[in-house]
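These protein sequences, in sequence, are chains A and B. Using our numbering, the first residue of the first sequence is number 1, and each one after it goes up by one. Using our numbering, the first residue of the second sequence is number 1, and each one after it goes up by one.
For the record, the hints were derived by calculation from the structure and aren't laboratory data. Where is the CB? At the ideal position from N, CA and C, for every residue including glycine. Keep in mind that a hint or two might mislead.
[Said to hold, decoys possible] If we take Cβ atoms under 10 angstroms as the criterion, some of the chain A residues that face chain B in the derived model are: (1) 279; (2) 281; (3) 324; (4) 470.
[Unchecked claim] Far from chain B, by Cβ distances over 12 angstroms, these chain A residues were calculated: (5) 69; (6) 125; (7) 142; (8) 174; (9) 213; (10) 294; (11) 328; (12) 334; (13) 416; (14) 463; (15) 467; (16) 469.
[As the list claims (entries may be wrong)] Ranges between beta-carbon positions, derived for each pair: (17) A:38 - B:153: 56 to 62 angstroms; (18) A:204 - B:125: 51 to 57 angstroms; (19) A:357 - B:195: 55 to 61 angstroms.
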Amino acid sequence: MVAHYVMSVDQGTTSTRCILFDRGGRLVSVTQREHKQYFPKPGWVEHDAAEIWRNLEHLAPEALHRVGVDPRQVAALGIANQRETTVLWDRRTGHPISRAITWQDTRTDTLVAEFAKHPDAAMVAERSGLPLATYFSAPRIRWLLDHTPGLYEHAECGDVLFGTMETWLIWNLTGGPDGGEHVTDVTNASRTLLMDIRTLQWDPELLAFFGVPAGMLPRIRSSAEVYGRAERAVPGVRIAAALGDQQAALFGQTCFARGEAKCTYGTGSFLLLNTGDTPVRSTHGLLSTVAYRIGDEPAAYALEGSIAVTGSLVQWFRDSLGLISTAPEIETLARSVEDNGGCYIVPAFSGLYAPYWRSEARGVIVGLTSYITKGHLARAVLEATGWQTREVVDAMNADSGLALTALKVDGGMTADNLLMQFVADVLAAPVVRPMVAETVSLGAAYAAGLAVGYWPDLEGLRRNWHRAALWNPAMDAERREGEYANWRRAVERTFDWLQPDGEKSGKSGKSEEPEK
Amino acid sequence: MPGPVQSIERAAAILRLLARGSGRLGVGEIAASLGLAKGTTHGILRTLQGVGFVEQDKSSGKYQLGATLLHLGTSYLDVNELRSRAINWADALAARSGEAVWIGTLLDGKVLIVHHVFRPDDSLQSLDVGALLPLHATALGKVLLAFDTQAAACLPDTGLEPLTRRTLVSPAALKRELTKVRERGFADDIEEATLGQASIAAPIRGYGGLVVGAISIAGSVDRLCPSSAGRPDPALVDFVQNAAQMISRDLGAGRW
């Protein structure tokens, strides 16, 4: 039977989606199911990995069934997943030993603070490309080992396995306790703090530093190669790709060349820049990460900058201030005035991230006069997303020595024309939206299709990419620089807001990571 | 300060009377209930009918509250909200048809372009969001006119502006065209706005079926009307109507 389709699984933070794509990269069928979020204590966020697997077992055949497609017509399956979420399970029974600890979970903050005091702590960033932070997987593994009696011994001999969500799903798809493949890909492994970003192997010194036994770790494979055939859900289909979701979006946007970048605008926003075949060490607060690796080819690397508060600032404007009733109305309100009227909002709700990294900063609204209306505030809300993008792009240009020539965008906020025009204006570079909004799913499908020869090469994928909209910069340089200077002065006013003695300033804000 | 406007007070009293749940009322009954002259009552009812607040039942000639009034609070749809809700379907329409996609709404006797998806051939194109198009010479405009009697009533009685030799310039011809649009559920413009260009549009409906905008594809007349008969390609018409229905369903237009 001729293979007509590629299946993509997007295992996200709130739901799992299964999408069937045709050779033109067009969406043919979509199924989706949400999973439960568990908040057992403040700062704890958990998922039930068994529930997520059951959802996939249902969603994958259903996506085929809806359009009358037989699994034999599916050339390959690729997975994109929420990154850094950690699950441990019993290799013999296939049962998770506890709920998965998600990337938003901050229970390891004291543990991470202890690690940071260790004399070898500088080695972590040097080897892994990442700062020591609660965001990544290694401290979560250690926390689980520390809090479950007898677990360390089981982990050492390989009876308890570790995985991020792609590892868990591939193991289950390829047979689970009956010979399931225990593998991860380079992009997901690059988010654990345990992999040497240059050799792309688990690093014995990092394992020793975090006290994680090697026996529980999956084998690190390429992002696009056949890991095995599905025994369950879609029997016979080759499992041929895995990528972290933001890397998948970069791939789906066909940012294959050094210097190409994409930004996904959601609740928070993630900007990734392809830096070619060598990792770039950031001196401006960005992360160095693996972008993808196709088969035996050298890996491509990326710089990543995350913006904690973008879409969530619009939600705050809607839900907490009640000035609009739906998020898109922010554009209508912003267009009711000509400019920001001298008003700036810096949404440092839980400190400032790249490139500042000031956890004691808190948000400000500056430039208030009696002239300011809610229209000016709406402008300031949208402009905050534009300026934060500019700051991350500046950091990327400085770190990589590349000058961004165009930014590919995706995500819900790309429907806002005023915002997209403003991003183009402040970057002084064109902003481009592709025709397929589902870039995360498309990226996983592309990688899987490449691995099995469904698509011949990267150039073939580029031909599938079509421009749906383009915003050219239109702001004159003098105004842009003047406004940028105002924004930076506004940012300075957020510094040092929380006093060292946190009790006095009321609610202390724990650092929160941006949402995906 | 001027005092209250008597006719508006009387109109409000009529609406209250009709809202009391007694169903439909005739002019005589309304006039008698409110102690007004029959002629005055009739004048007010006709005005209310014109703005859609009151409807007249064709067979009995009696009056009842109009659909516009019932949806007064919910029918208004922010154009940026409309774009946000329609964007995925508009992308899919461009990908399937291979043509540029526009979404338009009514603004002061023109079509306001609120969303634009480029034709997927990667040629250089610029965003037309915010542009205003003539109502009578575009498929988008014809759809918006066909389902909005008020806008249609505001068109000039004398000749409409010719943009090409194929533009419909006679109000009577346009009226016939709008009837056809209502019957078929889509509109086309074949070289009526620009020579060599054609467009096909269908209505986007919100709650209660109220038309809140229109979606169209636009491109070269050779591609949109490939047969010599000068009619739009039925497959493309299907794509446009299908996209319009998917958006309408997402907007809560139940049965549409």
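Outcome of the hint check:
| no. | hint | in the structure |
| --- | --- | --- |
| 1 | 279 | violated, 32 angstroms |
| 2 | 281 | violated, 36 angstroms |
| 3 | 324 | holds, 9 angstroms |
| 4 | 470 | holds, 7 angstroms |
| 5 | 69 | holds, 19 angstroms |
| 6 | 125 | holds, 40 angstroms |
| 7 | 142 | holds, 42 angstroms |
| 8 | 174 | holds, 33 angstroms |
| 9 | 213 | holds, 46 angstroms |
| 10 | 294 | holds, 24 angstroms |
| 11 | 328 | violated, 4 angstroms |
| 12 | 334 | violated, 9 angstroms |
| 13 | 416 | violated, 7 angstroms |
| 14 | 463 | violated, 9 angstroms |
| 15 | 467 | violated, 5 angstroms |
| 16 | 469 | violated, 6 angstroms |
| 17 | A:38 - B:153: 56 to 62 angstroms | holds, 59 angstroms |
| 18 | A:204 - B:125: 51 to 57 angstroms | holds, 55 angstroms |
| 19 | A:357 - B:195: 55 to 61 angstroms | holds, 59 angstroms |
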